[in-house]
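**Q** Protein chains in written order, with this note's numbering: chain A, 390 to 714; chain B, 128 to 419.
FYI, nobody ran anything at the bench for these hints, they're computed from the structure.
Stretch by stretch, here's where chain A covers chain B in the computed footprint (C-beta under 8 Å, at least three residues): (1) 147-157; (2) 273-285; (3) 305-317; (4) 399-408.
A virtual CB, placed ideally from N, CA and C, is assigned to each residue, including glycine.
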Amino acid sequence: MNPNPHPNPGRAATAAADTPVRARRWRRLSIVRRNYDLYLLLIPGLAFLLLFKYAPIYGLVIAFQDFNIFKGIGGSEWVGMQQFHRLFTSHDFGTVMRNTLLISLYKIVLLFPLPILIAVLLNEVARMWFKRAVQTIIYLPHFLSWVVVAGLFVNILSPSTGIVNHIIQFFGGHPVSFLMDNHFFRSVIVATAGWKEVGWNAIVFIAAIAGLDPELYEAARLDGANRIQQMFKITLPGIASTIMLMLILRIGGVLEAGTEQILLLYNPTVYESGDVLGTYIYRVGLGSMEYSYSTAVGLFESAVGFALVLSGNFVSRRITGKSIW
Amino acid sequence: MRTKSVTDRMLDVFVYGLLLLLAVACLFPFLNVLSKSLSANWAVLSGKVGLWPVGFTLENVYYVVTDGIFLNALKISVFVTVVGTLGSVLFTGISAYPLSKKHLPGIKPVLVLYVFTMLFNGGMIPSYLLIKQLGLMNNLASLILPGLINVFNMLLIKNYFESLPESLEESAKLDGASNLTIVLRIIIPISMPVFATVSLFYAVAFWSDWFHPMLYLNDPSLKPLQLYLRDIVLEADTSNQNLNLNIDRLMNLSPEGIRNATVIVSTIPILLVYPFLQRYFIRGILVGSVKG
Numbered sequence: 390m391n392p393n394p395h396p397n398p399g400r401a402a403t404a405a406a407d408t409p410v411r412a413r414r415w416r417r418l419s420i421v422r423r424n425y426d427l428y429l430l431l432i433p434g435l436a437f438l439l440l441f442k443y444a445p446i447y448g449l450v451i452a453f454q455d456f457n458i459f460k461g462i463g464g465s466e467w468v469g470m471q472q473f474h475r476l477f478t479s480h481d482f483g484t485v486m487r488n489t490l491l492i493s494l495y496k497i498v499l500l501f502p503l504p505i506l507i508a509v510l511l512n513e514v515a516r517m518w519f520k521r522a523v524q525t526i527i528y529l530p531h532f533l534s535w536v537v538v539a540g541l542f543v544n545i546l547s548p549s550t551g552i553v554n555h556i557i558q559f560f561g562g563h564p565v566s567f568l569m570d571n572h573f574f575r576s577v578i579v580a581t582a583g584w585k586e587v588g589w590n591a592i593v594f595i596a597a598i599a600g601l602d603p604e605l606y607e608a609a610r611l612d613g614a615n616r617i618q619q620m621f622k623i624t625l626p627g628i629a630s631t632i633m634l635m636l637i638l639r640i641g642g643v644l645e646a647g648t649e650q651i652l653l654l655y656n657p658t659v660y661e662s663g664d665v666l667g668t669y670i671y672r673v674g675l676g677s678m679e680y681s682y683s684t685a686v687g688l689f690e691s692a693v694g695f696a697l698v699l700s701g702n703f704v705s706r707r708i709t710g711k712s713i714w
Numbered sequence: 128m129r130t131k132s133v134t135d136r137m138l139d140v141f142v143y144g145l146l147l148l149l150a151v152a153c154l155f156p157f158l159n160v161l162s163k164s165l166s167a168n169w170a171v172l173s174g175k176v177g178l179w180p181v182g183f184t185l186e187n188v189y190y191v192v193t194d195g196i197f198l199n200a201l202k203i204s205v206f207v208t209v210v211g212t213l214g215s216v217l218f219t220g221i222s223a224y225p226l227s228k229k230h231l232p233g234i235k236p237v238l239v240l241y242v243f244t245m246l247f248n249g250g251m252i253p254s255y256l257l258i259k260q261l262g263l264m265n266n267l268a269s270l271i272l273p274g275l276i277n278v279f280n281m282l283l284i285k286n287y288f289e290s291l292p293e294s295l296e297e298s299a300k301l302d303g304a305s306n307l308t309i310v311l312r313i314i315i316p317i318s319m320p321v322f323a324t325v326s327l328f329y330a331v332a333f334w335s336d337w338f339h340p341m342l343y344l345n346d347p348s349l350k351p352l353q354l355y356l357r358d359i360v361l362e363a364d365t366s367n368q369n370l371n372l373n374i375d376r377l378m379n380l381s382p383e384g385i386r387n388a389t390v391i392v393s394t395i396p397i398l399l400v401y402p403f404l405q406r407y408f409i410r411g412i413l414v415g416s417v418k419g
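Could you build all of it, start to finish, from the sequences and the hints given here?
**A** Below, the structure written as structure tokens:
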């Protein structure tokens with residue numbers, strides 16, 4: 390373990406006469422001193438982290454208080470697990486958890502494999518102009534805001550003037566109020582999320598495929614493997630570790646079912662099928678100003694996500710030897 | 128050229144067909160609303176508009192781009208996006224460079240501090256209370272400061288720096304260049320693809336942000352475009368008051384047409400820059416994500 394790529398011969402020689410521990414410490418110190426300007430560059434980032442990332446994490450302690458905004462964290466009363474008890478026994482918890490898990494699982498099961506499929510298909514395209522055009526088009530929805538996407542879909546799904554209902558009526562059906570109907574709301578959420586992100590999410594897998602060794606395909610061709618066999622024997626195994634890592638990260642976000650998206654698309658009629666943890670936190674925390682209770686809900690969400698990433702990573706390291714860090 | 132086997136031909140049909148379908152599905156909602164925004168009111172209401180305008184008119188678009196509230200919202204959004212993006216790229220680049228020097232003592236723990244915040248965060252309410260306590264409510268800084276460093280973007284830049292050949296810096300060091308000279312003269316100029324990529328990501332994030340302005344701003348004169356859009360497009364019950372139409376213009380205009388035109392006009396800035404930056408971000412991501 391030599392952390393120093395630019396050893397200073399003079400100092401290293403005198404230091405070597407000393408004990409090894411002191412020598413190492415001396416060398417580290419001299420590296421730090423020589424690169425003090427690089428360490429100075431760390432300061433703005435650390436200040437940012439402290440203020441905007443770690444201060445809110447510290448703020449999570451109000452989940453164990455009955456927080457009063459005028460008394461602050463120091464002056465508010467500590468109530469232990471009371472907020473969590475209230476959450477787990479509340480009537481809303483069942484509905485909100487069910488909606489969160491259903492929407493998230495639909496999103497994972499239906500939308501996680503699609504980007505992989507897209508990347509594999511794009512890899513089979515020999516005409517570069519076609520490949521580039523398709524990529525340009527399918528990345529585009531990612532760059533539209535959720536407000537715009539919500540606006541587009543509210544428009545095309547409108548029961549009176551939307552094109553989807555015109556098509557339904559053309560085939561003799563009755564118009565559907567997709568965004569007012571608890572039977573359809575979750576499907577609309579999954580479909581709009583898919584429309585916005587599926588193409589963009591393929592980019593990671595496209596990058597992974599681009600990193601594969603072309604000689605593998607050459608060798609497979611010489612052995613007489615056709616393109617479908619190459620797809621299953623080279624492309625997919627080649628990006629398996631990327632798929633695994635993305636899946637772990639995705640599963641870690643299972644309790645974040647799309648807060649901004651749902652806040653924009655839902656209305657009280659579909660709370661029953663569309664209210665998820667994030668929207669519930671928003672309604673209770675900022676609508677009814679129940680800061681402690683909603684922070685407890687948020688802490689529950691973050692803690693479960695964190696635990697899922699850690700255990701997913703552990704399992705992945707055991708099975709495939711790959712981990713996200 | 129070898130003749131293709133039957134299975135290869137069938138595969139091609141499948142591949143091209145499916146991708147074409149996908150591209151059409153991505154464009155369809157956008158083209159439909161675009162056509163509606165350029166169509167006459169009667170055509171929209173009678174459901175005649177598909178992917179091409181019927182009874183072409185620019186009235187709706189004209190109404191939007193001359194509306195004072197829209198222009199103010201646009202101004203706010205442009206300001207937040209430009210200042211936010213410049214600040215973010217600067218701060219993120221500054222932070223990423225020392226983190227790319229893994230051999231320096233103490234760098235790894237700092238990296239862990241960053242990565243941890245990707246996996247665990249304080250969430251909506253503590254962040255809201257922080258902004259309140261800092262006195263940043265109804266201040267555009269509340270939209271810029273908390274988003275100054277996105278850890279994912281920082282890792283992209285850091286990985287890009289790490290992928291640069293070490294010999295570049297070595298030889299400059301032998302010539303007696305300081306760290307600062309190396310960064311300004313060598314690192315930044317050859318890292319343009321990743322900076323372009325990250326600039327685009329930041330710009331889009333600031334431009335598209337609806338959630339934070341919704342949380343932190345309630346002064347109507349500070350409303351950025353996304354909040355304005357949300358009011359016009361999604362608050363169906365209040366839209367007619369918001370639009371405040373004159374009787375004489377109602378002949379050609381309708382709340383529906385104006386809504387469509389607002390959606391379209393507000394996406395134009397993104398559509399204008401996207402094709403130019405697109406060639407960069409594929410390269411930027413390719414290199415930046417090699418090490419994950």
